[in-house]
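Next come the chains, spelled out residue by residue.
2 protein chains.
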Amino acid sequence: MPMPDRDLLCDSPQLTDLYQLTMLQGYLDCDMHQQATFEFFVRKLPDNRNFLLAAGLEQLLDFLECARFSDAELDYLAGSGFFRQNLIDYLAQYRFTGAVHALPEGVLFFGNEPLVRITAPLPQAQLIETRLINLLQLPVMIASKAARCRMVAGDAQLVDFGLRRAHGAEAGLHAARAAYIGGFDGTSNVLAGQRFGIPIFGTMAHSFIQAHDSELAAFRAFAESHPDNLVLLIDTYDTERGARRVVQLADELASTGVRIKAVRIDSGELGDEARRVRSILDAAGHPDIGIFASSSVDEYLIRSLVKRDVPIGGYGVGTHLTTSADAPYLNCAYKLEEYDGQPRRKRSSGKATWPGRKQLYRYLDESGLLRFDRLCTEDEMDSGGTALLQPVMENGQRLQSPESLDHIRERVRDQLSMLPAPFRDLDEQATPLLQISDALQQLAVETDRLSNGGSG
Amino acid sequence: MPMPDRDLLCDSPQLTDLYQLTMLQGYLDCDMHQQATFEFFVRKLPDNRNFLLAAGLEQLLDFLECARFSDAELDYLAGSGFFRQNLIDYLAQYRFTGAVHALPEGVLFFGNEPLVRITAPLPQAQLIETRLINLLQLPVMIASKAARCRMVAGDAQLVDFGLRRAHGAEAGLHAARAAYIGGFDGTSNVLAGQRFGIPIFGTMAHSFIQAHDSELAAFRAFAESHPDNLVLLIDTYDTERGARRVVQLADELASTGVRIKAVRIDSGELGDEARRVRSILDAAGHPDIGIFASSSVDEYLIRSLVKRDVPIGGYGVGTHLTTSADAPYLNCAYKLEEYDGQPRRKRSSGKATWPGRKQLYRYLDESGLLRFDRLCTEDEMDSGGTALLQPVMENGQRLQSPESLDHIRERVRDQLSMLPAPFRDLDEQATPLLQISDALQQLAVETDRLSNGGSG
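First to last, the protein sequences are chains A and B. For the first sequence, the working numbering begins at 2 and goes up steadily by one. For the second sequence, the working numbering begins at 2 and goes up steadily by one.
There may be inaccurate statements among the hints.
Treat identical chains as interchangeable: a pair holds within one or across any two.
[As the list claims (entries may be wrong)] Derived EDC-like pairs (lysine to aspartate or glutamate); straight-line CA-CA distance at most 16 Å:
hint, residue 1, residue 2
1, Lys-352, Asp-239
2, Lys-262, Glu-381
3, Lys-262, Asp-283
4, Lys-352, Glu-270
5, Lys-262, Asp-252
Please keep in mind that the hints were generated in silico from the structure rather than gathered at the bench.
Extracted from the complex, chain A is given alone in its bound form (with noise of 0.2 Å):
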């Protein structure tokens, strides 16, 4: 009996920190609900890093427009013993009503540079902190990292095939989002492929071949289930014997015009199998048939593989990009810039912040390429730049429909054309180019000056 559809997406504003809602009831026992703005950014990239791209806008939107306390999660909050009655009046009405200005999906950004920022009454904008950093971290590493697959890999074909070792459901799924929005070809994962429209690619595990009585036998079945979607797995005992009997399989389909369009090897040292089983085939008059490769791919052993020229044609790529391994979390922050007209920074030793409300410029030289980023007061006119930081929503409503994915890829492929050499390079640490205004310093000035944090 099959079920209705759901909604997968955690829309619980219940999903946060508790220092979120006794802040608030803080906030309503001083009646503060003046306008408060928080950016959100990256601190400093991982040292593996030399950019990242802006993803995640789209879940973050739907969790601003759809969160709601349910009668359940109230019912927990007042028995907790943390809270009074007017704290769960005000959550049982909650709604998010406020403006959000942000880079678009797969634009370039660097350290210090506001990716989102939100401006709402303070006990909205303060409530949201938690599940904004949760939804915006995963699919800008996830994103970033696959972009540094796709300028390494060429042509070749890039599949996620992560969703096992991602950290859990909705992890599988942006990721999947994110892998698609920074250049790969598609996913295994079918859900993904399902809600967001990215395209899905899979064939054979090796329990398939395990199950059956020969591997003859489980490439015969399923050339036979598959005769369009003919990848076959080749390393479940001895890869060349695989490949041999791939080869017996092709010569058996030939009159029935059933295509085997490429085998696929997932354990050894891929360049050396590939080039044994590329020989194999090639000799048995079979060039066509092509080698997808995976088990433990990264953009550093595609790089490798590239470099080497082996004669693979498509990636899966699982743990190491799902995880962002290499760089499993960003030193990122959601941090308040002004209350009430004020601008405000924090001031902790290694983490102070750039007051009030900002707007971020992109300078690119005659050639295209990224001169500089500054960083602006938000009412400055910095001429010759060009103003990252876009309204998305206002008065908690989106401004424009969701942007296409096929869209956003094509806009990460206009902006990876900007990065300079250095950014480009795998190994090499680019130094950053954001510039901070002669205004914006002017004023972290005057707030440190004025702040009665500082002396009151």
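Based on these hints, arrange chain B on the given structure of chain A.
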């Protein structure tokens, strides 16, 4: 208008790799519905882990009991071009009817030891692979890392602060549960508190301080709103000045009976900051106000702070725990070991498995310390050891109601006390203790000899 409660577990079997479904099409076409046994195990522990803890079983059993395809999912599959109607009809009726054996949550395990064993008709046992790995890997990683923190933290309070940097919603929820299993005292994650009955912790962020006109005004406002839960964040502007303001407030509050429980430090070199703050508080006659520290805390930092005997009574552990940053994935797999009564195994380079249904026995020495584990065929009677794989599901139904988290936490304490010293060391790499029984080694030889995969 509050909304009804919701179920946040993603129970969609569509959250899977496409190849599971293309293989199912093949199994159906060949009428391969016999019983299959798959085992889930970690091939080799990460270099910086000497043990792992079983975790995530309850969420897996929930999934196995609840997973059904929705109409929209079936429509998507039918329109995908990969499948024929016999598969769609099968999936519309799909429910898991198999048996599960597993290590109870909280049990120690090591490389190549089965954590979960599934026996079910082949298509069912195959279909669940992706989500099974996805549901088990993260809790195992987090429970194990939490236990490492607990082992070095002594009696210090440990609170999970990781939700914001978790990889999505489900990761945040499941990590909070796993951290609690591993020995944490609670979490900042409100929804995890509600859902799993975990104690929740939290007071204020820097934004609360910044939103007020002065730090002291913020402290006073918070004390008024939260007289029973008063932990003050003191590093927004200047930590030592913050500490002196806490002293001022404590003196103001003395006559009211309101007590400041602790201060929190979230930046700088935590040990030095804590000592300076301790001096200020003590000199002012407030030795009862505790110090809670957060910011890039992990087991290595806790160990070094504890060794220096710094005056910190509790830690908020976020990013490094929730992403298992120093080991963000496990080299884990779910492999077919038997089909239709015949043992199977794969022999891929570096990825060979032991065939057949297996049982894992544990042997302790006279002082209760772990001596070795032995992997046996299921029907071997291995005398003197304890069989670790327990039946937990039959015919798709749980055999017991879920264990309480308190019970699992107790088990973890017992289990950790069985670890020999080298396994408790954060740096040393302990030698694995797994033996393979003679019967199992013999079975592997037989399987390879008989397997038509090799010769047919």
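Tested hints:
no., hint, in the structure
1, Lys-352 to Asp-239, "between (54 Å within a copy, 12 Å between copies)"
2, Lys-262 to Glu-381, "neither (57 Å within a copy, 45 Å between copies)"
3, Lys-262 to Asp-283, "within (14 Å within a copy, 74 Å between copies)"
4, Lys-352 to Glu-270, "between (44 Å within a copy, 12 Å between copies)"
5, Lys-262 to Asp-252, "within (14 Å within a copy, 78 Å between copies)"
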